[in-house]
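Put the two chains together into one complex; each comes in its own frame, and the hints tell you how they fit.
So the protein sequences, as listed, match chains A and S.
Note that this note's numbering has the first sequence beginning at 1, numbered continuously upward.
Note that this note's numbering has the second sequence beginning at 1, numbered continuously upward.
Don't take every hint at face value.
Derived DEER-like restraints, expressed as beta-carbon distance ranges [claimed, not checked]:
(1) Ala3(S) to Glu61(A): 46 to 56 Å
(2) Gly875(A) to Ala63(S): 11 to 21 Å
(3) Val642(A) to Ser60(S): 30 to 40 Å
(4) Pro889(A) to Ala3(S): 28 to 38 Å
(5) Ser60(S) to Val886(A): 46 to 56 Å
(6) Ala558(A) to Ala63(S): 48 to 58 Å
(7) Pro790(A) to Ser60(S): 17 to 27 Å
(8) Ser60(S) to Pro597(A): 18 to 28 Å
Hints listed in this document are in silico derivations from the structure and should not be mistaken for laboratory results.
Each residue gets a CB set at the ideal place from its N, CA and C atoms; glycine is no exception.
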Amino acid sequence: MDLALIVMLPFLGALLPGLMIRAGRDACALATGSVTLLALILLLAHAPAVFAGEVIQARWEWLPALGLNVTFFLDGLGFLFAGLILGIGLLIICYARYYLSRKDPMGRFYVFLLLFQGAMVGVVLSDNVLLLLIFWELTSLSSFLLIGYWKHLPEGRQGARMALAVTGLGGLAMIAGMLLLGQIVGSYDISEIIKHGPEIQDSPLYAPALILILLGCFTKSAQFPFHFWLPHAMAAPTPVSAYLHSATMVKAGIFLLARLWPALAGTDLWFYLVATTGLFTMVMAAWIALFKDDLKGLLAFSTVSHLALVTFLFGLGTPMGAIAGIFHIINHASFKAALFMTAGIVDHETGTRDIKKLGGLMGLMPITGTIASLAALSMAGVPLLNGFLTKEMMLHEALATDWAGIPGVVGLAAAVGALFSVSYSFRYIAHVFFGKRPEKFDHPPHDPPAGMYLPPALLIVPVVLIGLFPAAVAGPMVAVASGAVVGGPLPDYYLAIWHGFNLTLVASLVALAGGAFLLYRHAQAKAFREKFPRPEAKRIFESVVESCATLANRVTDALHDGSLRRIMAVTVSTAVIGGALAFMGAEHGAGAREGVPAAPIAVLTWAVLIGACIALVAFHRNRLLTLVIVGVVGVIVSLGFVYLSAPDLALTQISVEVVTVILLLLALNFLPKETPRESSSPRRARDGAIAALAGLGVGGLIFAILNRDFAIPTISDFHLANSKPGGGGTNVVNVILVDFRGFDTFGEIIVLGIAALAIYALLDGALKGPAVKRLQSWVPDQERARDRHPMMLVVATRVMLPLSLLVGVYIFLRGHNDPGGGFIAGLVVAIAFLMQYMASGYGWAERRVKIDYHLMIGWGVLAAGFTGVGAWIAGRPFLTSDFTYVTLPVVGTFEIATALAFDVGVFLTVVGSVMVALANLSRLARTTEAPVSDAPMDVDPTRRGRPAEEEG
Amino acid sequence: MEALVASGVGAMTAAGVYLILRARSFPVIVGLAMLSYAVNVFLFATGRLALDLPPVISKSAEAYTDPLPQALVLTAIVISFGMTAVIVVLALRAYLESGDDAVDIGATDSESADPPPDDPGDPPGEKEGAGR
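Okay, chain S solo, but in the shape it has when bound (with noise of 0.2 Å):
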């Protein structure tokens, strides 16, 4: 089980890591998604992994799983769900202020609100990588 979960947590991150390095916002935005998701479990994992032992207090129970990283990453849920709201919208308005929704300045220059079209021959977000 543990390195299950280990390995989701890997594959995850990996996945989330891989999207927030692409050109244009969206993917960006369901790669920090992808990255909550693998530092909520990392988390909760940091208090041992437990079959049938919820940390609800009752006569019956023998033994309890570890509450506090389960409290911590409660909140962290809700918090990444604000998190992930604020940058929606922030990547909303700035599309539609500007036609755009690519994340590095300068990578294209767009005036039309139509996605520059698919040119792999000269692609705009390689600008950083072979100039500098």
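This is chain A alone, in the form it adopts within the complex (with noise of 0.2 Å):
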């Protein structure tokens, strides 16, 4: 349990930093380093256990019919992680307290830190493959908001966008990888698949999942070819650069090597891929680093440089490299992450990060240089610091490789890479804070706060204890996360900072001196290497970029020109010749079930049907002819629901076919009335021909089904069954819509609530820019009534309102038993108060009205809501509904049933959906009318004759 509450802490605790920011600066860090310091402290409880070698484990079963299942477990390699991502993690949120101005936006920072930490954590802590990889994603998409974080700078935004395609592309091949690692093993748990080693790799399908999982990695560790995002990731604040790349994203690729290692590592295959690419890595990136004049720059290589060395160690596939790789990962990761931070307060300082601009620091910032010059000297393989164990196995081992049968290659090419190495570390040191000063700061820049420069010291004192005490202070915990990545016993070895006099010592010697002197001749270096061509990675990457874009635009250009006629037509005729070939390719026979005889009414009925749709497609062009027509085809389909026993779709289809023909003839006062002549004849023959198959074959389809029987029992005879005993109404259809499918309606009465809003977003927007123009230059085009709001349509709906109000309250309340219900009375007291409005005037009835319509439907939608939940309190699920009879005296006995509040609330958003949608359009309307009159109508009948300022 507390596994997984250490994967979820800094996750629930992203929600604290936005909150605790308007406490100030200091509260909000001090929040954000409590909930990782909790976690941390959570982890280091199980520090006994892990070190006695046990594997804790916490399991959920969560979609176990995929394989996915929320599995966490604690080994030794789970724990070095977690305790490197939230240690250094505290250290981070520290140092960023003082890194970050006043006016950057802290909450936010420290939201996405949380974030992205709880990612990294889940990462290192999955037992699961594809819980693992939805980790690892998310670690990308957080990062991504991390280096982009200063989003005004576009280096920034650029760096972000370039990390998320690299690691991102990585991951989605990783994804094909791991899937591919699973079939072979059966299972997705990772405790599973690393024991199956030689299964995998005698599977045919080890090879494509061995590149596709290394791709993952590689993007993420910034290995050759795809180091490159790395440096650009530098635009990100210093205190993200430190994290990311010391302890924490560039480690998950690293992380997945150790973690699969059992699983994959050992063959030719691994070795050449993964160790070549190390060594190579490891010597250009190095090489590059020595002519980074930018201070993070330079961090960035040779944080590419180390990553490299460590994807080495762990390619050469032995156990000895496996620990080595371990070491230098907790080695590493204590020195860069201090470098990172005092290159940062260097910048924050100096206010530059160009080494060319720096020198001589050391008088100035005594604190910050002997740190800075510590983590360096480690960082360089100086004896006495921890980088100086790590480098010496690593020599080592390499002196002891052959590469395809060549012995000494893989050496001396990692000597060469510690020389480059020794000579950037020492640049470090040596052009910043030794040499010539500048001549002028724009401030003389001193040793920051004590809160900036703990963290990095604090990251020292590993440096320097390790260094000295290699076995005892970090030999446990090698031991114990090289067990894990290894699973099985170790080969003997010793960590001592005296190995004797070897070849190891002298190319390690050979790399110190000739490192120095490298440096010595800085310049000269720098003169040669200009003379090569270099190809700028970035350029490469965003012409790659610009390609593809081009590509998808022209793709898309090609399939979508604009022209809905087009895409109608094609996915019309797609729809129709898939029936065609499905018809086509299966046996039929006649259907045998019994039909229904038709009376000579509804003969008729159907004939007047055919004619209007005749009608309909030979007058399109005359619109308000077209609406007449709309409107028979409408009142003929809520016939036809009679005649076939659908009293409730009947009454719904003619109440809708109302609001619809009012909506639509509001709409048309302002388009034009007329649909000019412009398809040509072939045209209008083609798209007569399509439409004609797509009738026939609807129809066709219908009629097949209409003269069958049910291929399989329906459910519907449950709903029948199960109506009045268990949803407590006659109604089935009722029931089913606010019991049986209560959620779908909920579903539903949003959806119906969501589309009225738009229609409101929409309208509202008509009321500014070039269409309010329009409007109010807008002229009638058709002669209009003398008498705009007559007597008799004013009196009448006068008086048919309380009694429409009444027939939708009745209708309302039989729902349940008999044909009627929320929706159908909804649409019928919409109608009735639209009556007003078309009567005397949106004008005059909005002065009229207490009712916010808005509101209406918000209140229906969590009436509903409510009468869900209300279930909960009952104890049974959302939306489960009760029923029971009451008596009072003079009404009698009656049935109260919660599907009657829910049906409320059905009422509420389809009254409130309907009016807002059609009282907007004829807001819209009175944009172009005269003021509004106060009067219902336009004639006084108490008054003859003469106006009323002569009487008054």
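Here's what the structure looks like:
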């Protein structure tokens, strides 16, 4: 349980900084730090068990059918990484408090940081590869936010995008690789997978799985040729760089290499892919780092180089390589995080990160200078510091390794890499903290507040202690983590400073001396380097992205040329052809179901429908006539529902019909009244053919269905049988709506409400910009009635209003047992209101309406939702309904069902939505009209002849 | 009766499809409304046809028609109203903003509020049919 809590804490804690920032920057940092500290304490509580060699597991079934389960496990390796992530995270949180300026939104920074932290901890503790992949993608996303934190800087945005593109693409490849791996083993649990090493390596899927997974690891850990994103990610604030590039993000790739080492390592393919990539990247990145004038650029390439070193060690596939790799992860995390933080301090104090503009800072910033020098010496591999130990181990392993049968080449390359490493590390010290001080600084730099130098200073403690007493300080951790990587007994090894005078020591000394010499001749080396063309990775990347975007645009333009007609024609034709192919590919017999005889009245109605359809197509250019014909079709459909035993549908259809026609009329008021003849005859013939075929297909399909019985028993019998005893209502359709399928209806009224609000937004926007100019200069294109608010209509609607409302209530209340219900009642009431608007005008009606229809939609959805939630209180699932019978004097016995409350929600939403939609349309019309009259009608029946002014 | 319903659905579909292939927004909206009718009747009819068997439980009834498609279609009718309302308003807004109610981008470039002149000699809506 608390394993999951360690992972979840940063995610939950990410809610805090955004709130705490209101209490100040210190409170915000403190809250963030407490979250991380708590997670760290929880983790450390497991230390005794982990060091005793136990593996702690936590498991929940999530989607067992897919093999996706929430499973975590904590062994030595997971413990090491989680400790680094949380421990260094804590220092970074402290450092960032002082690093970020007042202008930076600190709350947001800490939110991103905690999200990233949670994702990283998730990666290292997951026991399920699918879960790991989810966290893996989360690290890519959250690091995107972190790298692009200074979103006003174009470099920040570009760097973030590049990091996301590269690591995201690698992640996609890795998903495929992981799925293959799971396929081979038959389980997605990592603890299972790593037990099946030989089986995996014998599988024909091994090579593709390995290459895909390595793509993920190498992109994440910035190995050649994917190393280019890391330097550009340096546009991030320094705490981000220090965190992402020392202990976390880029180490995720390394972690996975270590995690899957028992399953994948040890083959030739593994060696040549992983060790070669690591070796090459190590030398190349170290060489580039030597010439970077940007402090963080230098550190970025040194990070690539050191990650490559670890990759190389894991790539060797030997237990000793794995031990050295694990040890270097610890060492690199400590000195690199410290180095990034000191680089940030220098930048913060002097205002520049350009090495050429820096120098002689030791006298001005002695504390920072000491920390930075110790860390850089460790990076160089100077004895008595921790970097020395792993460099020795690396050189020792490299010297003992042949490459394709050639001895010595690996050792030589490793020594050259070490030499460059020494050189750039010394440069970080010599060119920044020693040497000539520049003429003047804008502000005289000095050591920062303790909160800023303490975090790197704390990191220097292990650098020195491990350097002096490796076996005592780091021994147990290295042993238990390496044991988890290797998955078996470890060979005899001992961590010590002195291994005797041997070839390794010679190589190491040569590297130190050579590196110092190379730095001495830095200018010549630089001139030598500049003789060769150097591909600019950013430009290549951007041209690739550019050409992908161009291709995508071209394809999109070719497929979607902005012609709706073409899209429609293609869509309908595809459906017709697909249906026809399916039809021709199967056998057909006549249907066996006995038909319903057609009464003469049915045939007559049918003839009217067919005639209306023909007329609609023939006269569709006359838009007003079109509406009349649509109304005819709607009425016939309603009649059909009545005739075919669907009274609820008939009631709904007829009331929707009224509302739809009013809506279309209101819209048509502003639209052209005629459709111009634009299509050529061939086109009309083509459209006609498509339409005829579509009609034939749909009609034929329903004809075939109607002539057959149900292939499998229908579930409707359940509804019929349970409507009364289970739902408490005899109108089965209504009971299905508010009870059996209440959740669908709930979703549906939400959709209806959203539609109404979208209409409001669209029309509200129309009252600004070019649309309103067009409206104001709008001249009615048809002759208008002289009497805009006729007395007959006004009086009739006033009289009808209470009656219609009563009918609405009646339809609503009977709905559960007889045809009716919330939908229909809502439509009826909405129509009754609309009639008032139509009779006396929008302006007049609006002044008298005390109801906010927007609120009504909201209350409707809430009422339905609360009804559903009410079932929880009774300890039953969402929307479980209940009913009882109540007896009142006079009224008698009647039923109260919770479904009725749900139906109230439906009712309110329907009324609100219809009114918002139509009232806003008529509001549009008002902008074109004269000032609002306060009288309900244009004629005043109380006066005879003379106007009011003269009388008064 | 089955043949009548099936042919009715077919006719409404055909009319609807023909109208959604027109070049102006209003016929397209009307076409969608017709398609909504057709689809609703189609879904309703999948419960098979029955006369005088409303799905309201009573002691005197001998049998009931299938209630489930009716419940689905009832909500579908209301949702189609919502959809029609949204696209009507969308079309109206587009017309008010651009002074043009053509559905194809680039088919007409009229800046005025008046509909472009009816010119069958050079039909602007034919651009994609002829050019590509």
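Against the structure, the hints:
Separation of Ala3(S) from Glu61(A) is about 53 Å and conforms to the stated range, judged on CB atoms against 46 to 56 Å. With their beta carbons about 38 Å apart, Gly875(A) and Ala63(S) fall outside the hinted range of 11 to 21 Å. Range check, Val642(A) to Ser60(S): Cβ separation about 19 Å, and the 30 to 40 Å hint is violated. Checked against the hint of 28 to 38 Å, the pair Pro889(A) and Ala3(S) fails, with Cβ atoms roughly 57 Å apart.
Our hint of 46 to 56 Å for Ser60(S) and Val886(A) is violated, since their Cβ atoms are close to 27 Å apart. Ala558(A) and Ala63(S) have their C-beta atoms about 56 Å apart, which keeps the hinted 48 to 58 Å range intact. In this structure the hint that Pro790(A) and Ser60(S) lie 17 to 27 Å apart at CB is violated, the actual value being about 47 Å. In this structure the hint that Ser60(S) and Pro597(A) lie 18 to 28 Å apart at CB holds, the actual value being about 23 Å.
Hint compliance for this structure: hints 2, 3, 4, 5 and 7 are not met, and every other hint is.
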